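As given, the protein sequences belong to chains Y and Z, one line each in that order. Per this note's numbering, the very first residue in the first sequence carries number 23; after that it's consecutive. Per this note's numbering, the very first residue in the second sequence carries number 67; after that it's consecutive.
These are calculated hints, taken from the structure and not from any lab test. Quantities reported herein were computed from a predicted structural model and do not represent experimental measurements. Be aware that one or more of the hints could be misleading.
[What the hints assert, rightly or not] Taking lysine-lysine and the DSSO-like style, the derived pairs with C-alpha atoms no more than 30 Å apart in a straight line are:
hint, chain 1, residue 1, chain 2, residue 2
1, Z, LYS326, Z, LYS307
2, Y, LYS241, Z, LYS74
3, Y, LYS244, Z, LYS307
4, Z, LYS74, Y, LYS178
5, Y, LYS276, Y, LYS361
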Amino acid sequence: MKKVITGNQAVAYGVILSRVDVISAYPITPQTTIVEELSELTASGRMKTVFLKVESEHSAMAALIGASTGGVRCFTATSSQGLAYMHEMLHWASGARLPIVLVDVNRAIAPPWNIWSDQSDSLSQRDTGWVQLYCEHNQEVLDTVLQAYRIAESVKLPVMVVLDAYVLSHTSEPVEIPAAEQADAFLPPYCPEYPIDTREPVAFSTIATPDHFLEFRYKIQKAMEQVSEISKKVDDEFRSRFGRGYGAIERYGKEEAEMLLMTSGTVTGTSRIVVEKLIGKRYDLAGLKIKRFRPFPFEEIYGEIKGAKKVAVIDRNLSAGVGGIFAQELRAALYSKEKRPHIFGFVSGLGGRDITPELIEEAIQYTADHARPEEDILWLGLKK
Amino acid sequence: MSDPIQFKGASQMPMISVSFGHMDWNKTGAWRAQRPFYEDKTPPCRASCPVGNDIAGFIQKVTEGDFEGAWNLIKEENPFPGVCGRVCFHPCESKCNRRDYDEPIAIHALERFVSDFALNLNRKMQEAPGVRKGKIAVIGAGPAGMSCAYHLTRLHYDVTVFESSSSAGGMLRAGIPSYRLPKDVLDREISNIEALGVEIRTGIPFGEDVNLDGLKDYQAVFIATGAHQSRSLHIPGEKGKSVFGGLDLLKKINLNKKVKLGDKVAVIGGGNTGIDVARSVIRLGKKATILYRRSKEEMPAFEEELAEAVEEGVKIRYLVNPIHIRQEDGLQRLECLRMELGEKDESGRRRPVPIPKSNFFFKADSIIIATGEEVDVSYLPKGMEKREGVVLTQRDGSTGIKGIFAGGDLASNQRTVAHAIGSGKKAALAIDCYLSGKDSEEAIRQILIGEGPSISISRYLHPEEKRINPRVVTFDELNTDYFEPSERCREAKGVVKKRIKGFEEVTSGYTEGSALEEADRCFSCGTCNRCENCYVFCPDASIIKAEGVLSRQVDYDFCKGCGICFSECPRRAISLEEEAR
């Protein structure tokens, strides 16, 4: 069934199809219509879910940690300061190996107050031990929610699904909604590793002394390392069932090119048009969409990047004192490789400013015109 | 304590830090500085009930759908739930803690529902078994006398009730119109008391056919002959033709006697008798106007009955005082003075002060004086002291004469059914103490509800039952987070047009659905209803359940005394005290 729906509605459909048992959310700003949709669906009985209205995002995640420990499938959604407020509990969810799925609508963090899109909220949480998946369009949003539960429950790590504020969250697009039976066949019920049985009490998250703490963290890293393989399997299965797949990264444009343009989120959609247009003008160019940020897909990216001499990265985020975070990750990933292209780190579109085709073209033109970047941070569209 | 676990490496370790061992060895109760314990306290409804009904208790039974159990519980203290559910002025509802939250529980309506339910089941009281301890005479088969007889029978006495009129009921039968209290309800409750073994001898006026000398066979006597004389206005013309006493008129109507009132009737007095008279007059197809010397604020009549009277077409004139009644062309010409309110008097109400030269005339076919009733002292035995117009008694109902007790309207100016029932009960207890040589004051102290004055005879009959802390639970002590605002379920009332056509009961009782709904609103103040909040919230799992039911016990081996059960108990049924050091 195809419907014209917003990104937020696409999330809600993904959640229904995932047969989530417990939803916990703080309903006030910076919350989005995602939980509004879900609360209505729950209240009307269309969804058999326990909906917990809590007093803060911190509590929203804390409640899910409890519910997930109890062995049920959990969901929440938030944005911006709300995600920041959840920070402590994000660590807890991954440390306790709970396969919670969270949807973050990418928004800038205040001050100054700004409710528009950039990636600074989700990227601030990159070290919390969550898998992070960024979406380009509403179809991908729905599909990624379904995939996220498969991945989370396989590796026992929480997954954050990220979509751009307004550009996706409040914009309607045609979306194919899978039938419930199909979704059920793809996503079986959740079986917890340590089901709670009151007859055999267990104490969770007990203290681990320096003798063992390092080993628990090692296990989380090992689980992260499995994500590449598992998410590929999940994505392949999804493609065979539904005819759609996304990969950790996606290359488009020329098969071999000297110049690559790396983007994430909705900027990719705009970039596809610009790249196609410039290839038409004989630019030696290909595009690279990064869907998975954590674990960072080093190998996948390197496989695509080897032949390139230059990579332009457009970051809709800023780690002040360093620059764009995707560019920084890429630089680190390439350091040990012998053949390393030059990285052109563009920062643009913060606080919801549009990253227009003209700006993208400007970034590609700069990269084409320069053998190496003149500065570590190349500001795109900055009014000086 | 077991030894710390050592793993060789990550491969041996579980995915997360998890302990499969138990902590039973760690008796955390030793850390406790304060101790929670279950202790039922007195709810304000019961503390203010002159009968001493276990209100929270019977409502709890209603919530469980155990209506018969609720009836049995009420009967422990009160043989007249059908009467009280209809005509009691329900001080319990004025004191209900829910009043401070939204609206008080409709306790009277629930009591009525329970008694009607018992009627429909044709439930009868069972005769109290056991050897009789003595013979007691009760004079007057009104609510005080019948309550005394009922409880004395339960205390294993043979009781004979002497009643002057042709049937038992006293003021309930003579003074209360049947649109408020249908006769069959009264008959049923009286015959229930008879079924226990009480003998009622009617048509025997005290002082005439029977007196104290003739009652020598009885070890004790309880006199509750009531207050039947209409109070005089002390104005010229009040003895005239077509001037009636309020209670006399009500008696006539209740006995279906013909009364000639004419078309336009003036009723003097703003009390409940005045309202009863005016509404009865309306039902006889006449016009009724109540004349009251103060304003609506000061009116002693119950607000709801006043409102019903006005609905039915009763006119009320406030701040007027009759000073003279004359007859003119077959009409009563009532001269009145207009009044204004002055300073507060000893009753706390503003005193009416006449406005000079404000005289005016009010014409009516007949005049009913309903300014209260007085005790007829002419037939009372010598040696019985009187004060403020009533027989003087001790707290236990004893009079100056040994073995003679008094109660009801005869001995009190609190002229309500509930007070009468309560005084009869207290006298029953006192008579038992008197005859078994016990100190009745001490006995009363043991079974006082809250600070009193009501007592629980159930506790006297079953001293082995759990004690209740006399402290009355206040609204501030409740944890209202666990309650949601809800409307009080109203009882249905007949439409005005229909109800003024006759003496059919105005108010119809609850359906089972509304009874359950209303009972659910009860906070159950100070009374554990096994809501299990303590069980759910205890962080140390130290609230014990036995066979799946809350046992109202704390596991002191592990209770750390955090006090969460105490603060999360919605109804203050848990107490917290410092541990002795």
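Now for the hints, and whether the structure bears them out:
no. : hint                   : in the structure
1   : Z:LYS326 with Z:LYS307 : holds, 11 Å
2   : Y:LYS241 with Z:LYS74  : holds, 15 Å
3   : Y:LYS244 with Z:LYS307 : violated, 109 Å
4   : Z:LYS74 with Y:LYS178  : holds, 23 Å
5   : Y:LYS276 with Y:LYS361 : holds, 20 Å
Checked against the numbered hints given earlier, this structure breaks only hint 3.
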